[in-house]
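Colleague: Below, each chain spelled out in residue letters.
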Amino acid sequence: MSDIVATNETILVVGGGISGISAALEAAEAGKQVILVEKNAYIGGRVTQLHKYFPKLCHPTCGMEINQRRAKSNPNLTILTMAEVTDISGDKGDYSIKVKLKPRYVTNNCTACGQCTDAVEAEFDNEFNYGLNQRKGAYIAYNNAYPQTYVLDERIIGTDDATKAKDACPADAIDLEMQEESIDLKAGAVVWATGWRPFDANKIQPYGYDRFDNVITNVEFERMNDLMGPTGGKVTRPSDGAEPKKIAFIQCAGSRDRNYLKHCSRICCMASLKQTHYVRENITDGTSDIYYIDIRAIDRFEDFYQKVQEDDSVKFIKSKVAFITEGENNNPVLNGVDTEGYHRYANEYDLVVLAVGMEPSVNQGDFPVDIVLNEEGFIEMDEKNGGVFAAGCSSDALDVNRAVQSATASALRAVQVINQVGAVSPQNEGAK
Amino acid sequence: MSDLNQALADKYKGNFLKEVIDNVEEGDRVQMCMQCGVCAGSCPMGPHWEHTPQKIFMMIRANKREAVLASDSMWMCTSCYNCIARCPRELPITHIMHGLATYAKRLNLVPKTQPTAKFAQLFWNNLSSKGRVNELKLGISLYFMNGFGEGVKTAMANQKLGLNMLKTKRMAINEAWGGHSVKDKSGFHAMLKKAAEIENDTIEANSK
Numbered sequence: 013m014s015d016i017v018a019t020n021e022t023i024l025v026v027g028g029g030i031s032g033i034s035a036a037l038e039a040a041e042a043g044k045q046v047i048l049v050e051k052n053a054y055i056g057g058r059v060t061q062l063h064k065y066f067p068k069l070c071h072p073t074c075g076m077e078i079n080q081r082r083a084k085s086n087p088n089l090t091i092l093t094m095a096e097v098t099d100i101s102g103d104k105g106d107y108s109i110k111v112k113l114k115p116r117y118v119t120n121n122c123t124a125c126g127q128c129t130d131a132v133e134a135e136f137d138n139e140f141n142y143g144l145n146q147r148k149g150a151y152i153a154y155n156n157a158y159p160q161t162y163v164l165d166e167r168i169i170g171t172d173d174a175t176k177a178k179d180a181c182p183a184d185a186i187d188l189e190m191q192e193e194s195i196d197l198k199a200g201a202v203v204w205a206t207g208w209r210p211f212d213a214n215k216i217q218p219y220g221y222d223r224f225d226n227v228i229t230n231v232e233f234e235r236m237n238d239l240m241g242p243t244g245g246k247v248t249r250p251s252d253g254a255e256p257k258k259i260a261f262i263q264c265a266g267s268r269d270r271n272y273l274k275h276c277s278r279i280c281c282m283a284s285l286k287q288t289h290y291v292r293e294n295i296t297d298g299t300s301d302i303y304y305i306d307i308r309a310i311d312r313f314e315d316f317y318q319k320v321q322e323d324d325s326v327k328f329i330k331s332k333v334a335f336i337t338e339g340e341n342n343n344p345v346l347n348g349v350d351t352e353g354y355h356r357y358a359n360e361y362d363l364v365v366l367a368v369g370m371e372p373s374v375n376q377g378d379f380p381v382d383i384v385l386n387e388e389g390f391i392e393m394d395e396k397n398g399g400v401f402a403a404g405c406s407s408d409a410l411d412v413n414r415a416v417q418s419a420t421a422s423a424l425r426a427v428q429v430i431n432q433v434g435a436v437s438p439q440n441e442g443a444k
Numbered sequence: 009m010s011d012l013n014q015a016l017a018d019k020y021k022g023n024f025l026k027e028v029i030d031n032v033e034e035g036d037r038v039q040m041c042m043q044c045g046v047c048a049g050s051c052p053m054g055p056h057w058e059h060t061p062q063k064i065f066m067m068i069r070a071n072k073r074e075a076v077l078a079s080d081s082m083w084m085c086t087s088c089y090n091c092i093a094r095c096p097r098e099l100p101i102t103h104i105m106h107g108l109a110t111y112a113k114r115l116n117l118v119p120k121t122q123p124t125a126k127f128a129q130l131f132w133n134n135l136s137s138k139g140r141v142n143e144l145k146l147g148i149s150l151y152f153m154n155g156f157g158e159g160v161k162t163a164m165a166n167q168k169l170g171l172n173m174l175k176t177k178r179m180a181i182n183e184a185w186g187g188h189s190v191k192d193k194s195g196f197h198a199m200l201k202k203a204a205e206i207e208n209d210t211i212e213a214n215s216k
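Sequences listed follow chains A and B, in order.
Using our numbering, read the first sequence as starting at 13 and increasing by one per residue.
Using our numbering, read the second sequence as starting at 9 and increasing by one per residue.
In case anyone wonders, no lab produced these hints; they're calculated from the structure.
Backbone N, C-alpha and C define an ideal beta-carbon position, used for all residues, glycine too.
Hints are not guaranteed to be accurate.
Stated by the list, open to error - Ranges of calculated distance between the beta carbons of each label pair, as one might list FRET restraints: (1) A:388 <-> B:124: 40 to 46 Å; (2) A:271 <-> B:198: 37 to 43 Å; (3) B:75 <-> A:271: 42 to 48 Å; (4) A:222 <-> B:163: 46 to 52 Å; (5) A:321 <-> B:124: 40 to 46 Å; (6) A:311 <-> B:89: 35 to 41 Å; (7) B:14 <-> A:271: 39 to 45 Å; (8) A:69 <-> B:40: 35 to 41 Å; (9) B:89 <-> A:294: 53 to 59 Å; (10) A:386 <-> B:14: 47 to 53 Å; (11) A:324 <-> B:169: 57 to 63 Å; (12) B:14 <-> A:327: 21 to 27 Å; (13) A:327 <-> B:21: 48 to 54 Å.
Working from the sequences, and respecting the hints, build out all of it.
Modeller: In structure tokens, the structure reads:
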């Protein structure tokens, strides 16, 4: 017998980022049974990889901690990590779901002491830091990860490292015999919250992200500024490790472009404006030049934009950069023509940050359920989706604030479906 | 100013954008430009001409009729298509530039010393006579474009190249007598005539 109890009055939430967590908590706190399925070994998603939020410039860990506590204390919520939904069949009010659970090789006995990490030798690209550094084969994604349980990389299984990790563990929490499992669940409604991924900057050929060391993306810059990040909070040039002084931000790197992403990713302008604060705080005499088509400080953030405009260390250049070349000392050179005066420029920088946009993390065609997508691949609100409701960035390019609003709305829709199911289910017959 | 030019200028007084939309091939797409400047920065000829495509499009909207139509810009386009490939809104920039060139030519506003305009005419004459480009004749007419003396000089300077091309069959000497042609030459001419008719009628009608 499975230890997970799920009926057609259960809500399944797919994806444990800020949207998924928000939807799951809202529904669970409204008294519904919720199962949250997360692909990673930890919940929190992209938000955990951010250094600071705009506009308040506070740390995301703070809000995440509150959510983690809500999750821990709510018996209605079951969280499955390293789990992926492979199939959804049935209809609104009665779904059958298959979930694949990947082996973690570490049990709940883990005390997060970290001795397995010290014991193993193999290192891999650290996906949490977008490959900017390496991590061990036994690891926890980041300090505050929830659950506080380590993971063994499947690539060390069968090697000496695996036994070393097992021997080092004082809590006997490592189980090398763990196998991949597939479990079947029932649910009445599904909240789909698989979120976004950064647009692949390699596709923007003229910007040479693949060719020039000192051209990086905004998500990488975010990690660099994090004290717990790959560089311990120091901004460095990938080519020589030196501290950059002149930094350029290129807006709409991939967004609002029919060759790449047709939509405006909505967050990148605010993200770059926010990152100019990092430059001022972390780099002595650092300057930021922002190349833009037009600044879209969404929502009520115009004042944030105005404050950045008043900053002497920040310059705005109205131009979509045409192409990047490499000058002396691996310095990227931005080439183009500006729109205010039509001046041709070739400006040299120490570091260039591409403000890459958001694309849906699930490719069209990879959904385990029939779903209506728009041409950008985001989920449309449509009757045909039945009891599957999109939350957060799987529905549109959103910032955290709007993603949480969207998640709460989806939770309500899911709860409504469950209430209808509950009203007609046999156990309620007697009550009427 | 030619009569047609005057008539069109009067007709569209104060709305050059409308004039472009109505009369220039794919001119309607000018409206889609969001002035990002990628075309201007991507153009290999960019530093050598007066107005970048981005600037031309803005000038069209700003009603700078004379400056646009007399610009050398559209004549400097080498049709490399870099701008089209990179334009975030997929504007057919190259085609619009050629459209503007054709329109300026129709209105007799091409700068007199514009060498590309001269070559474009030579190319068209060559192509339209038989439906195939006669490269030998085109080469010769290009050499003699600026007078007989200079033509001989250029021909002498390129003598070796020419002989090598003959040797490797990259140039056929018998093209000098007649040359190859499309199968249905009269049909081809009829088609061109009809196309010119439609184009003339449209612009004629737009000028009234």
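Colleague: Okay, which hints does this one fail, numbers in order?
Modeller: 3, 9, 12, 13
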